[in-house]
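S.K.: Protein chains in written order, with the working numbering: chain W, 1 to 640; chain S, 1 to 341; chain E, 1 to 218; chain A, 1 to 116; chain Z, 1 to 146.
One or more of the hints may lead you astray.
Stated by the list, open to error - Here are the computed distance ranges between Cβ atoms for each label pair:
1. A:Ala90 to S:Lys314: 53 to 59 angstroms
2. A:Arg113 to W:Ile50: 29 to 35 angstroms
3. W:Arg604 to A:Lys28: 56 to 62 angstroms
4. W:Arg604 to A:Ala90: 42 to 48 angstroms
5. Z:Ser33 to S:Ala279: 53 to 59 angstroms
6. W:Asp113 to A:Lys28: 48 to 54 angstroms
7. W:Lys454 to E:Asp101: 53 to 59 angstroms
8. W:Asn458 to Z:Leu5: 36 to 42 angstroms
9. W:Leu58 to A:Leu93: 21 to 27 angstroms
10. W:Asn458 to A:Leu79: 54 to 60 angstroms
11. Z:Gly100 to E:Glu67: 33 to 39 angstroms
12. A:Tyr24 to W:Ser111: 36 to 42 angstroms
As the list claims (entries may be wrong) - Residues from chain S that keep clear of chain W, each with C-beta distances beyond 12 angstroms, as calculated:
13. Val4
14. Lys43
15. Pro48
16. Ile116
17. Ala118
18. Ala183
19. Ile188
20. Arg190
21. Leu191
22. Asn280
23. Ala311
24. Leu331
Source of the hints: derived by calculation from the structure; they are not laboratory data. In this text, a Cβ means the ideal position worked out from N, Cα and C, and glycines have one as well.
Below are the chains, spelled out letter by letter.
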Amino acid sequence: MSTALYQHFPILAVMVLFLGAFLIVIFGNVKTLRHLIALLSVTVSLGLLIALVKPVMLEGEIIAYWMGARATAGGYAIGIAMEVDALSLFFGLLVATAVFVSCVYSIQYMSHDDNVGQYYTLFLMLAGGVMGLVLSGDLFNMFIMVEILTFAAVALTAFRNTAKGALEAAFKYLVVGCIGSTCILTGTVMLYAQAHTLNFAQLSALLPGNMNTATVVAFALLYIGFSTKAFIVPFHPLAADAHGAAPASISVLISGVLTKSGLYAIIRLSYFLFQTMELGTMQFLLVFMGSMSMFICVTMALAQHDFKRLLAFHSISQIGYVLTAVGLCTAMGVSSGLYHAMNHTLFKGLLFLAAGAVLHQTGTTDLDKLGGLSKKMPWTTAFFLVGAFSISGIPPFNGFASKWMVYQSIYLKAVESGNIGFLFATIIALVTSVLTLASFVKVSQSVFFGRLPKEYENVTEVPWGMRLAMCLFAVLCVVTGLFPDLVTRYLTQPAADAVFNASGYINAMMGSGYAESVMSVPAMAPAVTYVEVGVWQPVSWLLILVITLLAITIVAIGGQYDRVSESVSAPMDSKYDLFFGGEESVYSQVGGEDLFWGFKHNWRGYFSFMHKLHSGIVNDYSLWAVVALALVTLYMLIVF
Amino acid sequence: MSIVISALQYLGYILIFPGFLFCFLVGLLLSGIDRKLVAKMQKRVGPPVLQPFYDFFKLCGKETIVPAAASKTVFLMAPLVGLAALVVLQLFIPIFQFTAFSGMADIIVILYLLLIPALAQILGGAASGSPYAGVGLSREMVTIISCELPLVLVLLAVAKTVGSATGEGLSFSFASIAAYQAANGSLILRLSMIPAAIAMLMVIPGETGNHPFDAAEAETEICEGMLAEYSGAPLGIFKLSHAIKMLTLTSLFVALFLGGIGSGIAQLVALMGLTGPAANGLTVLLGAIVTVLLCIVLTVVSISFVHAVTARLKIEQIFKFYWTVVSGLALISLVLAWYGL
Amino acid sequence: MDLPFVKEAVKQLFSKSSCAMYPAVPSEAAPHYRGRIVYHPELCINCGMCERVCSGNAITRKVEKVEEGDKITMTFNLGSCTFCATCADFCSRHAIEFTGDYHMVATKEEDLLVSGTFIKKPPVKKPAPPKPAAAPAAAPAAGGAPAPAAPAAPVKPRDDGKPVNDPSKCVYCTLCARKCPAGALEVDRAAKTWTLDEDKCVGCGTCAEACPKKCILI
Amino acid sequence: MILFNYVASFFLIVLGFYTIVTKYNLVKTVIGLSIADYGVNLLIISIGFNPGGTAPIFTPGEIDPSAFFVDPIPQALTLTSIVIGACVTAMSLALVMKIHEQYGTIDTREVRRLRG
Amino acid sequence: MFKKLIAESTAKSPWLFHINAGSCNGCDIELVSVLTPRYDAERLGFKLAGSPRHADIVVVTGPVTAQSLPRVLRAISQVPEPRCIVTMGSCPQSGNVFRGSYSVVGPLSKYVHVDVDVAGCAPKPQAVIDGLALATKILKEKREAK
């Protein structure tokens, strides 16, 4: 085993975060020092992972790292291992980027809170937990990291414990999260009982083909356990509560990072550990849950009247896209799913930061109370619009590029497999997209446009640090949207290749030839081809758009477009007043929850049913979790 | 040198032929014909066919008032962006076999690009701060949601039909749709595509916001909704965008369902014994003329006629209509296509 | 969905439009349309009835003293007129006429005024010397010989156009006094007197019309 | 004997979940979490148990080739799990206290400001 | 040339905004009848606009009551230049039969410059068309003067 320097980078990337958390406990009372430590640790972590891009992503190396150099002994992986293939690195990079930006944002965002030292400790714990989860090569370590991140996330959700519902959200999250954790632990030990190893690679070699009732139940337990971390459908109310109550910088992590860790684990489970994705029934399970998440959460979001809660529901809706695409078990599907996962981290982070900026300046995120902030916060508005366009898939932003690939892959799968279920998944995906647009139109009308309420006359733009953080995300959104071919070639396709390279993963850890010798069925390695059935060249499109826009602008300015008159004096001239049927304009904001009543009216039965269902009682949510567990277990027992 | 020439050629594409000037002239012409024919059907004389041109130029000469409550940048930029996006959209829609920028977009991209003009209008209206605009944008968004489902179903049905016929399994790209129709005749001749074509005809007035689906721009009740605060040139540009949208959707219909006529034109040119660039030029020219004529016919059928015989629907009725009747038709088509008819 | 007008629309597409192509094809107003007012000052006797009955305050009367007598200017403001034609109905001399001309468009308010002027000679008072008889052409109605005083004579119409009362028939109902636009009549029921202020009387004949016993001659 | 352990752990986990789902008292919910956690711990310990095995302690130079250990890894896992369980209980009880301060009740049916 | 084109178009595409300043509805009905198939003002390019921001010609009917006056003035001020104000019927020109009422504060010309008066109670549709045609001429002159 060669020990190039970069072999140590994964563990360092994790440990530097925990070290930072530890140091902040000690030095956290000094303001500058604590910012310095936090920034330094997240920067170092990000830098270490970027350094890994070249060997892992481009050269396809899989880094297997044994703690204390305790390699396999007697064919059993005893030591604690970290294994970084392109998939892990991909998620690791997402985590590191989101954590970095969130940290930059936190410095000014959290400046009015007390106990900020604890905040940074928990923040770095959360970051380290997720980072450890995605880089770990060991099932039990994954459990430990899940517990760490759940703890940190719960504590951070309740961090502003005077905010409305923060404690309640934290408690619900803790209860259902613990049900999930219990499931993960039970599943882990059941696998251990069967295979006597916890190492991921070795389990992946031993389990496929040797399924019995115990492993199937373990699979169901693990699947549900990690689903609670990804917040997919029966667990989505927790996400809404937790995202809504947590500080915005934490919402970025919960939605952009925590959900990804759950997704990562589901991919690892289904593509590596059990290698069941080739089965149509398993694909059905993932696509079904993905489509359900997509649709239910987007309709729930339409009914929300809190900015962050709405974003939270959208977050799950987008996770539904990822899950659906990943569940297709095609190279294109996985690649597009990962692409969308990345974009989701970027644009949802941006949107949460914008929501945080609004909260920071106005003290509320209630859509019914806000309005007209675009005049006071132009930068935030611009960044919000970038995020909103991205999430609703408006070309040329990144959301479109990935959604477009998702549609193609689902529909292609539908046509190739002849299964009409995938057809409906395509339709749901396309309709969800326009519903997403609708709810972001609602937000932009309710928060940033429309009339400015009297009490927000003196609102100002957010400080530069927060703008910088939003700017980082916004630039990333545009760049990844404009160069989808580069992103797919250098980021998502290597990761998708890694998904279909289970035997490589096993061999890197256990020594070459191990997979072939141990496995009773050969590892799944379908022909990895990236078929595109459509064309989309965003750069050329943008170029044409810019030329056209320029031409039109020139014509417009030539044609008296500049004869613009606007109000100059402070007292309102009636000419520049709004037209109110002749009346003097009064404050009248059209927005908030009922903006799309024409749509909701036709679906009032559905919406009132959903409203009743999301009762806010923790027992109900626990019941959903238990029922989901029972159903998935039953389903798996039937199909395997 | 050749770079300069091709750059000039592309600039010509953008600014003149399927681009800006073409859209401007044909779009406003379509709008004028629509107004004239609606008047005819109501037993009126109606405005001159060039009336939309007069309207546009008049609006260019008017003062543009930015309300004090509006966010100036978005308010003034929204119409320009919307128009630019529409013109670009028109560049991607093939005129039979000819596309100015081939291989840059497919039907799913078109589906999303179609959202941009509507979105520009929505954001412009939102930026004006008027409550009328608020109500208008709410209705516009619901109209978009309503039209989206049938449009999606139609496009998927077309993609499936073309894909299974050409053996690719699935095709979203305009190039292969056009090539397929040139070889095998128009898609509308297939049994499975007839409901889809009817559904698409019903989608056209909804997407363009024409009667009876114009709840979003109801002049009499909400002062034209999102446009309530617009005046002068920006208003003119919105009106122009509305006219061009009619051209875009009708030519999309031609490209999707009537592409077979293109091969007829090519044969006609071949019969005339022309070859080389002259033949290409003539084919494109004839194709453009035929497209414009077809667009006029489609406008008359799907926009003017419907306008004349119906009364404005309420917004929830629009939603219901599209998600039941029109989507049902499109779904029939999709299912038929799925089983290879 | 119910579409009742499909056939209609198709039919009308190929039929002639029902437009009255107004500016190109001139159009006449309907009979008895009440349009622009034409005022004939030569018929007017300055009774002021029109001004009294006008609900829109559209009629103004201006009196200027000139040497020939009173120069009377009647002005009808079309911009204030309801075109109810009450003034024309009440005009005993038919000096006000409503035409079918509906084209009453102006950029200035002055363009909507219709006016006419005539000069009314001062009435001949009993003690007063006879006035110069020459009256301007514009006011022929006021012309005429001074009236001889003939109160005791059997009642017969005066030739100056002013009313006389036949006391034998009169019941002193005061209706004539109430109707008189100029306020020239005074009737006392108790004393059974009927007096005419000749200075005020314009000889419009309203009293004669109003009299239920037809005892006023004019 | 060991089967009884498995049945008991299954019973404990189900009992824990049952408590969480049906009891409307926040403290009882926490108790339910703990019960489920103990069930899992019991399961882990039972998995590592070898009838007749000795403690898995190495003493240098005294390794008997025929020595027969119980599996040490589940024991390590159990320790970790117990620690985590204690943390969960502590944290959730802290939250319950705070909720009681803010809401004045610990009935889950009234702790539902976030819903819909 | 562009300027001339705009001026020509201004004359050919006047959009109306109708304000009812306390009218009895007689004139309103007549204005509507101008747009019906019988008189079809659309063939001359007239169109009823929903918002004063779109309008070129403001048509005021009614005697301008005290309640409506500030609204009328505000709506008129919101019409972009060049604009033209037409009073329709006798009421806004003088108050007509409502003159002298405690609630009538007209005529309109006391407050804004009125370009065209169309007399009549209510004016015939033909008269309205004449008046609007005159207004478009004034509009064009205003545009050319710019």
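S.K.: Under the constraints set out in the numbered hints, which ones does this structure not fulfil?
M.R.: When the structure is compared with the hints, numbers 2, 3, 6, 8, 9, 16, 17 and 24 turn out to be violated.
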